[in-house]
Every structure is written in C-alpha cells, then in structure tokens.
Amino acid sequence: MQLGKVVGTVVATQRDPKLGEMKFLLVQQIDFNNKPTGGYVVAVDAVGAGVGEVVMYATGSSARQTVLTDQKPCDATIMAIVDTWDIKGKVKFTKE
Amino acid sequence: MQLGKVVGTVVATQRDPKLGEMKFLLVQQIDFNNKPTGGYVVAVDAVGAGVGEVVMYATGSSARQTVLTDQKPCDATIMAIVDTWDIKGKVKFTKE
Amino acid sequence: MQLGKVVGTVVATQRDPKLGEMKFLLVQQIDFNNKPTGGYVVAVDAVGAGVGEVVMYATGSSARQTVLTDQKPCDATIMAIVDTWDIKGKVKFTKE
Amino acid sequence: MQLGKVVGTVVATQRDPKLGEMKFLLVQQIDFNNKPTGGYVVAVDAVGAGVGEVVMYATGSSARQTVLTDQKPCDATIMAIVDTWDIKGKVKFTKE
Amino acid sequence: MQLGKVVGTVVATQRDPKLGEMKFLLVQQIDFNNKPTGGYVVAVDAVGAGVGEVVMYATGSSARQTVLTDQKPCDATIMAIVDTWDIKGKVKFTKE
Numbered sequence: 001m002q003l004g005k006v007v008g009t010v011v012a013t014q015r016d017p018k019l020g021e022m023k024f025l026l027v028q029q030i031d032f033n034n035k036p037t038g039g040y041v042v043a044v045d046a047v048g049a050g051v052g053e054v055v056m057y058a059t060g061s062s063a064r065q066t067v068l069t070d071q072k073p074c075d076a077t078i079m080a081i082v083d084t085w086d087i088k089g090k091v092k093f094t095k096e
Numbered sequence: 101m102q103l104g105k106v107v108g109t110v111v112a113t114q115r116d117p118k119l120g121e122m123k124f125l126l127v128q129q130i131d132f133n134n135k136p137t138g139g140y141v142v143a144v145d146a147v148g149a150g151v152g153e154v155v156m157y158a159t160g161s162s163a164r165q166t167v168l169t170d171q172k173p174c175d176a177t178i179m180a181i182v183d184t185w186d187i188k189g190k191v192k193f194t195k196e
Numbered sequence: 201m202q203l204g205k206v207v208g209t210v211v212a213t214q215r216d217p218k219l220g221e222m223k224f225l226l227v228q229q230i231d232f233n234n235k236p237t238g239g240y241v242v243a244v245d246a247v248g249a250g251v252g253e254v255v256m257y258a259t260g261s262s263a264r265q266t267v268l269t270d271q272k273p274c275d276a277t278i279m280a281i282v283d284t285w286d287i288k289g290k291v292k293f294t295k296e
Numbered sequence: 301m302q303l304g305k306v307v308g309t310v311v312a313t314q315r316d317p318k319l320g321e322m323k324f325l326l327v328q329q330i331d332f333n334n335k336p337t338g339g340y341v342v343a344v345d346a347v348g349a350g351v352g353e354v355v356m357y358a359t360g361s362s363a364r365q366t367v368l369t370d371q372k373p374c375d376a377t378i379m380a381i382v383d384t385w386d387i388k389g390k391v392k393f394t395k396e
Numbered sequence: 401m402q403l404g405k406v407v408g409t410v411v412a413t414q415r416d417p418k419l420g421e422m423k424f425l426l427v428q429q430i431d432f433n434n435k436p437t438g439g440y441v442v443a444v445d446a447v448g449a450g451v452g453e454v455v456m457y458a459t460g461s462s463a464r465q466t467v468l469t470d471q472k473p474c475d476a477t478i479m480a481i482v483d484t485w486d487i488k489g490k491v492k493f494t495k496e
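Protein chains in written order, with this note's numbering: chain W, 1 to 96; chain F, 101 to 196; chain C, 201 to 296; chain E, 301 to 396; chain Z, 401 to 496.
Check the hints yourself; a few may be wrong.
[To be verified] Computed list of lysine-lysine pairs in DSSO-like fashion (alpha-carbon distance at most 27 Å, straight line):
1) Z:K488 x E:K388
2) C:K218 x F:K105
3) E:K305 x Z:K418
4) E:K305 x Z:K405
5) W:K23 x F:K135
6) Z:K423 x C:K205
7) C:K223 x Z:K418
8) F:K135 x W:K95
9) Z:K423 x E:K335
10) W:K5 x F:K192
11) C:K235 x C:K288
12) C:K295 x Z:K435
13) W:K90 x E:K323
14) W:K18 x F:K105
15) Z:K418 x C:K205
16) F:K135 x C:K235
[As the list claims (entries may be wrong)] Stretch by stretch, here's where chain W covers chain F in the computed footprint (C-beta under 8 Å, at least three residues):
17) 114-122
18) 125-131
19) 139-152
20) 174-183
21) 187-196
No lab work stands behind these hints, which were simulated from the structure alone.
Just so we're clear, the structure is a prediction, and the values are computed from it rather than from any experiment.
Even glycine gets a Cβ: it sits at the ideal position worked out from N, Cα and C.
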C-alpha cells in the first residue's frame with residue numbers, strides 16, 4: 001500500500017454501469033516523511049475518508065477485494081484512514 | 101485510476117480474435133492540475149468517449165471488469181468521462 | 201496497452217515446460233510521436249508480427265487472455281499490429 | 301520480490317472490515333547493495349518481522365497468496381526475513 | 401518479460417510456509433544492449449539458472465503460472481535461460 005492525502009473529488013456521471021454510484025477521491029501520494037512524491041491516484045473510498053485526511057490505498061487487483069469494489073473496473077481503493085505512523089520509534093504523523 | 105485526455109485513435113485490423121471489433125483510443129495521461137505527465141496509454145473505451153474529452157481509465161486486471169472487456173487481452177479501459185474535479189474545494193477542471 | 205516496434209528475437213531453449221515452443225520478440229517501447237521511450241519488453245506474439253512492425257502489446261494478467269498465452273508464465277503479449285494512428289485528426293503513423 | 305528494511309509501523313483503526321486486525325509495517329525499499337532506492341511500501345507482515353530487519357516483500361496479487369492476506373485488500377506482503385545475500389560469491393548482507 | 405543477469409542468491413529461512421524450500425536468486429535487470437538498467441528483482445528460479453547466466457523473468461500474477469510457483473506469494477519468476485538475442489538481424493548476445 002501507499003500513503004496518500006485526500007485532496008479533492010472527481011465527478012463523472014457518464015460511467016461504466018458496473019460502477020454504480022461509487023464516489024471518486026483524488027489522492028496525492030506522499031512518502032513516509034509526509035511529503036508529496038509527485039504522483040497521484042483517483043481512488044474509490046471504502047472507509048468514509050474526507051478531504052484533508054491521510055489514508056492508505058491499495059492498487060491493482062487488490063483494490064477490488066472490498067465489498068464495495070468487488071468485480072468493479074476500479075484499480076485503486078482507500079482501505080484505511082491513517083491515525084499515526086512512526087519511523088524507528090519517532091512519530092512522523094498524527095491525525096489531528 | 102488515472103486521469104487522461106483522449107487525443108486520438110489507433111487502427112489495428114490484424115489483431116487477436118478475442119478483441120473482436122473493439123476500438124482503441126490514444127489517451128495522454130494528465131496530472132490533477134490538468135497538465136500532461138509525459139505518459140500515455142492505448143485504451144479500450146467502455147463509455148463512448150470522444151477525442152478531446154477528459155476521462156478516467158483503469159489499468160491491469162481491473163481494465164477487464166467491464167462487460168465489453170471481460171476476458172479480453174486488454175490492460176487499459178476508459179471507465180468514466182470526467183465532468184469536473186476540485187482540489188481543496190477549488191474547481192480545477194470542468195467539462196466544456 | 202502500449203505501442204512498440206518489434207526490433208528482434210530472443211532464443212531460449214531451456215524454459216519452463218508450460219511455455220511450449222512459444223516464440224519471443226524483443227519490442228522497443230515507443231510513445232505516440234513514434235519515438236523510443238527507452239523502455240522495452242520481451243513479448244509473446246499472438247498475431248504473427250515481424251521485425252520492423254509497429255504493434256500494441258498488453259502486459260500483466262491481460263497478457264494471458266489470448267488462446268496462445270492462457271495460463272502461461274508470460275506477462276507481455278503482442279495482441280495487434282498497428283495500421284495507423286492519428287492525434288487530433290492528424291495521422292502520426294501509417295504502416296508501410 | 302524486492303528487498304526492504306522495516307523502518308516503522310502504521311496505525312489505522314478506521315479500515316475496511318476485511319482487513320481485521322492486520323498490522324502494517326513501513327518498509328524502505330533497498331537495492332542489492334543495501335542502499336535505499338527512495339521508494340517505500342506499507343506492507344502486511346506474514347512472518348513476524350520487526351523494525352530494523354531486512355525483508356523480502358511481494359506486491360500485487362502475489363501479496364494475497366499467504367493465509368493471512370487471502371482475499372484481503374492488501375497489495376504488499378512481507379513473505380520472508382532475509383538472513384544473507386551474496387553477489388558473485390561475495391556476501392553483501394548478513395543479519396546481525 | 402524482462403531480461404536479467406543472475407548475480408547472486410538470497411537466503412531467508414524465516415518465510416511464509418507456502419514458500420516451502422524455494423530458492424531465491426538476485427537478478428540484475430538488463431536492457432536489450434546487455435547493459436544494467438539500475439533495477440533488480442529477487443526471483444524464484446523455475447529453470448535451473450546459475451549465477452552469471454542471462455535469463456528472462458516474468459512478474460506479477462504471471463510469475464505464479466509455473467508448477468513451482470502456483471499459488472505462492474511470489475511475484476517474479478525466471479521462466480527461461482537466454483541462449484541468444486538479435487536486434488535487426490545482428491546478434492547482440494550469445495550464451496558462452
């Protein structure tokens with residue numbers, strides 16, 4: 001999984017029928033020092049994340065292993081909201 | 101998923117039989133500021149996108165989860181046409 | 201899918217038995233301006249492509265969706281020979 | 301697989317239900333000279349690795365082939381702890 | 401598939417049980433001019449390759465399509481030993 005920050009939303013009404021009313025979030029990829037890497041992904045949200053939150057997302061076929069995304073043409077899913085992480089025992093990020 | 105702009109079409113008559121008459125679109129990858137990243141993909145279109153439109157596409161096995169692409173040797177599918185996206189509440193793109 | 205130019209062949213007699221007598225082609229990745237990207241792939245050929253031809257190839261599990269590559273340890277397959285492509289209505293490549 | 305060094309842990313209580321109480325480790329990718337590549341991954345640990353240990357991890361659908369990660373939305377799993385590796389007969393790394 | 405040169409071995413006794421006694425080889429990725437690309441992979445060997453040999457390896461789910469790697473948490477497998485390759489009819493590599 002990669003760490004990311006939810007920065008926005010994508011609206012797309014004309015879509016493959018299998019997607020249903022799924023919402024799409026724009027996620028800026030971050031590294032483990034909480035800095036943007038320059039990458040991003042549009043992800044389906046399986047955990048109720050909001051703009052500004054730091055999350056973990058899975059990509060590829062693993063993104064389809066939630067009840068919400070099963071058998072959907074979706075290759076990136078937010079599967080957890082991050083509370084905190086540490087590096088060598090030192091806290092690097094804490095959710096506000 | 102990634103954001104992209106449809107810039108052209110690819111014609112290929114000699115093809116694997118499982119592809120049938122599927123059409124291929126040339127998609128320029130864009131970032132969330134609507135700038136080209138330098139990457140591209142040739143994608144199957146599951147939603148009736150046209151040249152000039154901004155779309156979302158899925159890659160890998162997720163690209164085969166539409167009715168159109170099921171069990172086909174296809175690793176990139178346009179699964180939605182983008183209406184709009186915003187970053188931190190500010191609209192970054194609106195479909196004309 | 202990505203665009204590529206077939207530039208050579210790879211011979212490998214000591215191989216996993218599931219591969220049978222499959223032939224391997226060396227494919228130089230090209231961008232949509234028909235310039236090499238610096239990348240390459242060794243691909244199985246499902247369509248009878250020859251050296252010098254411009255092709256499309258699929259990677260990952262999608263590369264196993266042809267009759268030839270089904271359940272084989274193969275992660276890249278040429279699934280079409282390109283006749284032509286255009287960008288914004290202007291032809292960029294035509295097969296000779 | 302890639303080589304990595306476990307550098308920390310990620311805590312995420314709000315998560316997809318299928319993840320259960322799975323723990324997440326922060327893994328810094330290293331090259332075969334034992335130098336950081338600049339990449340990282342958040343991985344599930346299938347082998348009881350601790351911070352400071354050098355490990356191997358699998359990504360993509362292969363990350364779901366352990367009993368622990370089967371059918372979970374997880375795309376990176378530590379599947380072995382590295383004891384040693386050598387290059388051309390010269391030991392490059394030994395576990396302390 | 402990608403081309404690579406086997407440069408070493410990785411020993412890892414603490415491992416996921418599904419891996420059994422599988423051996424791991426360190427493979428330096430090479431380009432089609434037989435130069436290192438800077439990348440590497442730790443791969444399972446399905447064909448009896450030795451240090452110094454030039455091989456082809458498959459990644460992702462395709463790496464699990466050999467009898468040896470079926471349903472294992474393994475994302476890279478050496479599936480052939482390269483005898484020779486040519487570019488535009490000129491031999492670029494021959495096994496010694």
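> Between F:K135 and W:K95, is the straight-line Cα distance small enough, at 27 Å or below?
Replying inline: violated, 31 Å
>> Holds or violated: C:K295 and Z:K435, Cα atoms, limit 27 Å.
In response: Given that 27 Å is the threshold and the Cα spacing comes to 31 Å, the pair is violated.
>> Next pair to validate is C:K223 with Z:K418; report whether the Cα-Cα distance is within 27 Å.
In response: violated, 32 Å
> Are 3 or more residues of the segment 174-183 of chain F near chain W, judged by a Cβ distance of less than 8 Å?
Replying inline: Result for this restraint: holds, n = 6.
> Holds or violated: are the alpha carbons of W:K18 and F:K105 at most 27 Å from each other?
Replying inline: Roughly 22 Å between the alpha carbons, so the hint for W:K18 and F:K105 holds.
> When you check the alpha-carbon spacing of Z:K418 and C:K205, does it fall within 27 Å?
Replying inline: Distance ~40 Å between Z:K418 and C:K205 Cα, so the pair is violated.
> CA of W:K23 to CA of F:K135, is that 27 Å or under?
Replying inline: At roughly 23 Å apart (the allowed maximum being 27 Å), F:K135 and W:K23 satisfy the hint.
> Between Z:K488 and E:K388, is the straight-line Cα distance small enough, at 27 Å or below?
Replying inline: violated, 32 Å
> Is Z:K423 close enough to C:K205, meaning Cα to Cα at most 27 Å?
Replying inline: Not OK: Z:K423 and C:K205 at ~35 Å, beyond 27 Å, violated.
>> Can you confirm whether the C-alpha distance between W:K5 and F:K192 stays at or below 27 Å?
In response: Satisfied, since the Cα-Cα distance of roughly 17 Å is no more than 27 Å.
>> Is the coverage entry for the segment 125-131 of chain F by chain W consistent with the three-residue Cβ rule at 8 Å?
In response: This one is violated; 1 residues, fewer than the three required, reach chain W with a Cβ under 8 Å.
>> Against the 27 Å threshold, does the CA-CA distance of Z:K423 and E:K335 hold or violate the hint?
In response: Distance of about 23 Å is within 27 Å: holds.
Consistency note: the structure conflicts with the earlier hints numbered 1, 2, 6, 7, 8, 12, 15, 17, 18.
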